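Let chain U serve as the given structure and place chain Z on it in line with the hints.
Protein chains: 2
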Amino acid sequence: MSDPLIVDIHTHVYPPAYIDMLRARNKVPYIHDPSDSGPPRLIILSSDDDSNIPLDQRGRPVDSSYSDIKVKLDFMDKHGIDCSVISLANPWLDFIGEEQASEWAQKINDDLESTCAQVNGAAASSNKISRLFAFGTLPLGATEQVAVADEVHRISTLPHIRGVIMGTTGRGHGLDDPELEAVWGALQDTQLMLFLHPHYGLPDEAFGGPEIVRRYGHVLPLALGFPLETTIAITRMYLSGVFDRFPKLRILLAHSGGTLPFLAGRIESCIVHERIFTVNGGSIPGPQRDIWDVLKTNIYLDAVTYGTAGLKAAVEAGGGSTDRLLFGTDHPFFPPLNEEEDQWTSVTTNYKAISASFGEDQDAVAAVLGGNAVRLLNLK
Amino acid sequence: MSDPLIVDIHTHVYPPAYIDMLRARNKVPYIHDPSDSGPPRLIILSSDDDSNIPLDQRGRPVDSSYSDIKVKLDFMDKHGIDCSVISLANPWLDFIGEEQASEWAQKINDDLESTCAQVNGAAASSNKISRLFAFGTLPLGATEQVAVADEVHRISTLPHIRGVIMGTTGRGHGLDDPELEAVWGALQDTQLMLFLHPHYGLPDEAFGGPEIVRRYGHVLPLALGFPLETTIAITRMYLSGVFDRFPKLRILLAHSGGTLPFLAGRIESCIVHERIFTVNGGSIPGPQRDIWDVLKTNIYLDAVTYGTAGLKAAVEAGGGSTDRLLFGTDHPFFPPLNEEEDQWTSVTTNYKAISASFGEDQDAVAAVLGGNAVRLLNLK
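If you're matching them up, the sequences are chains U and Z in order. Quick note on the UniProt record's numbering: the first sequence kicks off at 1 and runs consecutively. Quick note on the UniProt record's numbering: the second sequence kicks off at 1 and runs consecutively.
Simulated from the structure, these hints should not be mistaken for laboratory data. Bear in mind that the values here come from a model prediction, so they are computed numbers and not experimental data. Incorrect hints may appear among the rest.
To be verified - Here are the simulated PhoX-like cross-link-like pairs (lysine-lysine), alpha carbons at most 25 Å apart as the crow flies:
{"#": "1", "chain 1": "Z", "residue 1": "352", "chain 2": "U", "residue 2": "296"}
{"#": "2", "chain 1": "Z", "residue 1": "352", "chain 2": "Z", "residue 2": "78"}
{"#": "3", "chain 1": "U", "residue 1": "352", "chain 2": "Z", "residue 2": "296"}
{"#": "4", "chain 1": "Z", "residue 1": "296", "chain 2": "Z", "residue 2": "128"}
{"#": "5", "chain 1": "U", "residue 1": "296", "chain 2": "U", "residue 2": "248"}
{"#": "6", "chain 1": "U", "residue 1": "107", "chain 2": "U", "residue 2": "70"}
Stated by the list, open to error - From chain Z, some residues computed to sit far from chain U (all C-beta separations above 10 Å):
{"#": "7", "residue": "30"}
{"#": "8", "residue": "44"}
{"#": "9", "residue": "150"}
{"#": "10", "residue": "154"}
{"#": "11", "residue": "219"}
{"#": "12", "residue": "246"}
{"#": "13", "residue": "255"}
{"#": "14", "residue": "256"}
{"#": "15", "residue": "266"}
{"#": "16", "residue": "275"}
{"#": "17", "residue": "316"}
{"#": "18", "residue": "342"}
{"#": "19", "residue": "374"}
Said to hold, decoys possible - Cβ pair distances, simulated, as ranges:
{"#": "20", "chain 1": "U", "residue 1": "64", "chain 2": "Z", "residue 2": "244", "range": "36 to 46 Å"}
{"#": "21", "chain 1": "U", "residue 1": "53", "chain 2": "Z", "residue 2": "23", "range": "49 to 59 Å"}
{"#": "22", "chain 1": "U", "residue 1": "185", "chain 2": "Z", "residue 2": "279", "range": "22 to 32 Å"}
{"#": "23", "chain 1": "U", "residue 1": "46", "chain 2": "Z", "residue 2": "363", "range": "30 to 40 Å"}
{"#": "24", "chain 1": "U", "residue 1": "293", "chain 2": "Z", "residue 2": "50", "range": "26 to 36 Å"}
{"#": "25", "chain 1": "Z", "residue 1": "39", "chain 2": "U", "residue 2": "296", "range": "38 to 48 Å"}
By construction, the Cβ of each residue, glycine as well, lies at the ideal position given by its N, Cα and C atoms.
Here chain U stands alone, though its shape is the one from the complex:
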C-alpha cells in the first residue's frame, strides 16, 4: 500500500495582523519586543505575566514559526505532513470587545482564507491534496449572538474554511451559556466542525497556589490545567443539554478530549446517581442522551496524547472504531529544546503512539493519520 496521506488538524498560526495587534498591547495577551536584548516575547497566559520576572524573560520567545506560513510549510515537509488545517492560536479573539469583535473575526478569517488560496495555488500540481485548509475564528464578544452566528454562516461559504476554533469560555460564561444557542444552531446548520481548545487552565488554587505552580515551570498548567479545562467545558455543555437540542453538532476536542474519554464512565455514573435530574425524578432535566451516544455521534478527538494509553481510551470511548481520531501536532508549540534536533520530539512521539496503538491495522493507521480528516472535513 502507498504511503498514507498525512493531515495535521491541530496546528496554529497568528496571522501578521494579529501579531501587530498583540505588539500594540501591554496586558495579557501581548507581545513584548525588547529590540536589542533578544527576540520578542509572547505573553498569553496570565501566569506568565509575572511581575517578578523581567519583561524580556516573560512568556516564551516568539519567532517566525507563529506567523510566517513558509515556516509552517517547512515544518510540514520535515515531518511528512501533506495537508494542514490551520487555526488561530489561543486566546483567539476572546479579549476583543463588542465594538471590534466582528471586524477582527472577518479580518482573521479572510486572511486565513487568502493564505490557504495563495499557498494551494503555488503548490506543485503533483500533490495528492491541497496543502492548506483552515478553521475560522468567531467574534464571540459581539453584542448579539446573532452576529456570531452570521459569521459562522459567512465563513461556511469560503472555499478553504472547514470549521471554527473556540475556547472554553464561549461568550465569557462557559459553554452551557444560553447566549450560545444561536451559535450552536449555526454550527449545526452549516455542519462546520467546532474545534474546542483550552487556554485558561485551572485557577492556581487547584494546584495548591501560585508558588506551587511556578515551582514546576509550565508542567502543571499545560500538562494538567489545559486538559482538565477542556474536560470541564465539554461536560458543562453536555450536562446543560446542548447535545439534546443540537443532536447534529460536530465537535473536535483538542488533546483527545482533555480527559473526557477516561472520565466518561464516571460522568455517566454520577448522572445516574444524581437526585436532582428528572431522569431520576428530580427537579431539572439533565442530559437526555447518555454520554457514550454523544461520544459516538457528535464528538471527534485529535490524537495529541503523546502515548498509547490516551489513544486507546480515545478509541474505546468512541465505540472502538478509529474513525473519530485525527492526527495533529500542536505546532508551533512544544518545539525541541535542543535546536539541533531535526524532527520535533513532540511530533514523533505522537507518530510513534499511533503506530504502537494501531500498527497491526494499517487501515486504522491511515485513517488516523489523514483519512478521517479528509472524509470528515471534505479535504481535496
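Chain Z alone, transformed into the frame defined by chain U:
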C-alpha cells in the same frame, strides 16, 4: 475453572467512634441529626454545607451502611464479594489537630483491626479467604512527622492491616511537602500499600463558580473534581522526586488514578519540553525516572472507572498487563436511587466493564477481580 475470588479494595467505613465524633461537631465534617424530621445527614464536603439549604436536607442521608459492619457483610454477600479491604472514608483525620491526631489514629486503627478479627473469627470455615482486612489511617496533623511514621510502623505489625489510606493534602501542603519524607520512608520500609484517595475536589472557580457547581448537583465535584484532584496530587508528588528518593513505594490510586493513565503521555511530554528542569539543562532537578517507569513499578490502580475506556487506559499505562488493576466498589457511596434494586448499579457497572474489557482472557478477569489483591496485599 472455578469462580474467581472477588476482593473489594475500595470500600469505606466510619467506625462508631468516628460517627460519634462527627455528631459532636457543627462544622464540616459533621453529622446533623434532626431526630424527628428524618434520618441524620452527613455533611463532609464544604460545598454541601450551604446555608441556603435547610440543615436537614444538607449533604446526604447517613444510615447504618456507613458504620454497621453487618450491613457491609450483607452488601458483600449480595454482590458476590469474598473479601473486603475496608478503609476509613474521607475526610479521615485531616481535620484533627496535633493534640489529638495520634490518639485518634490509634483508636481508629485498633478499631479496624478488632472489627476484622471479630468478623473473620465468626465467619464460616468454608470461606476461601478471610472476610475482612483493612487499610489504616494516619495522624497527619501530628506535630512531628516522626509521629506519623511511628503509627505506620505500629500498624504494620497488626495482623489485618495491609496499608494506609491518605487524602491528597497530606499534612496540609500537598504530597510534594518535604514534611512527608519520614512518612514515605516508613511506608517504603514496611511495604504497606498507600491508598491515595480524593476528598477536596477543585475550587468552585475551576467549574465557573458556585452557581454553576450547584446547577448540576454533585456531578461536577464528584465526576470531575475528585479525579482531577487525585491527578494533581500524584503529579506533584512525582514532579518533586518522591519516586526517585523512595523507589520502592507502593501506591494504590483511587478511581484508576483519577486521570493519570490518560494524561501520563502529556505529563511526560511537558517535562521533556520544560526548560527549568536540569534534565533539560535548567535550574531544578525535575523527576529523574520517566512516568511510565513509575506507573509500571510503584503505582497500582483500582478498577473503579465505570467503563471500558478507563480500564483499558489503566492497563495500557501500566505497560499492558492486568497485574496492577484491582476491583473495588466505593461502598457505601453511590447507592441505587431506586431502593428496590437488588444489586447496586454502581457495582454492576464496574463488573460489566471488567468483563467487557478483559473477558476474552479469564485469567486477566480473575486477576483484576481478586487475584491481584490477594498477591499484592498478602490476603489469606
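Checked hints:
1. Between the alpha carbons of residue 352(Z) and residue 296(U) the distance comes to roughly 20 Å, so the proposed pair stays at or under 25 Å and holds.
2. At roughly 16 Å between alpha-carbon atoms, residue 352(Z) and residue 78(Z) fall within 25 Å of each other, so this suggested pair holds.
3. The hinted pair formed by residue 352(U) and residue 296(Z) meets the criterion: a straight-line CA distance of about 20 Å does not exceed 25 Å.
4. For the suggested pair residue 296(Z) and residue 128(Z), the alpha carbons sit about 30 Å apart, so the restraint of at most 25 Å is broken.
5. Our distance criterion of 25 Å between C-alpha atoms is met by residue 296(U) and residue 248(U), whose separation comes to about 12 Å.
6. Of the pairs offered as hints, the one joining residue 107(U) and residue 70(U) holds, with about 20 Å between alpha carbons and a cut-off of 25 Å not exceeded.
7. Remark: the non-interface label on residue 30(Z) is consistent with the geometry, its nearest Cβ contact in chain U lying 21 Å away (cut-off 10 Å).
8. Distance to chain U confirms residue 44(Z) as a non-interface residue, since its nearest Cβ pair spans about 16 Å, more than 10 Å.
9. Chain U leaves residue 150(Z) outside its interface by the beta-carbon criterion, the shortest separation being 27 Å against a cut-off of 10 Å.
10. The beta carbon of residue 154(Z) is kept farther than 10 Å from every beta carbon of chain U, the shortest such distance being approximately 30 Å.
11. Its closest Cβ contact with chain U, about 5 Å, brings residue 219(Z) to no more than 10 Å, contrary to its assignment away from the interface.
12. With a least beta-carbon separation of about 19 Å from chain U, residue 246(Z) lies farther than 10 Å from that chain, consistent with its non-interface assignment.
13. Distance check on residue 255(Z): its Cβ comes as close as 7 Å (rounded) to a Cβ of chain U, failing to clear the 10 Å threshold; non-interface status is violated.
14. Not every CB of chain U lies more than 10 Å from the CB of residue 256(Z), the least distance being 8 Å, so the non-interface label is violated.
15. The Cβ of residue 266(Z) does not lie farther than 10 Å from every Cβ of chain U; its closest approach is about 5 Å, which violates its non-interface assignment.
16. Residue-level check failed: residue 275(Z) sits 6 Å from the nearest beta carbon of chain U, not beyond 10 Å.
17. Interface exclusion of residue 316(Z) from chain U breaks down, the closest Cβ pair being 4 Å apart, not more than 10 Å.
18. The claim that residue 342(Z) lies off the interface holds: its Cβ sits roughly 16 Å from the closest Cβ of chain U, which is beyond the 10 Å cut-off.
19. Listed as a non-interface residue, residue 374(Z) keeps its Cβ farther than 10 Å from every Cβ of chain U; the least gap is roughly 26 Å.
20. A C-beta distance of roughly 39 Å is found between residue 64(U) and residue 244(Z), which places it inside the suggested range of 36 to 46 Å.
21. Here the CB-CB span from residue 53(U) to residue 23(Z) is close to 51 Å, well matched to the stated 49 to 59 Å.
22. At roughly 49 Å, the beta carbons of residue 185(U) and residue 279(Z) sit outside the given window of 22 to 32 Å.
23. A hinted range of 30 to 40 Å for the beta carbons of residue 46(U) and residue 363(Z) is inconsistent with their spacing of about 51 Å.
24. The hint said 26 to 36 Å for the Cβ distance between residue 293(U) and residue 50(Z), and at roughly 33 Å that hint holds.
25. Distance hint check: the CB atoms of residue 39(Z) and residue 296(U) are about 40 Å apart, consistent with the given range 38 to 48 Å.
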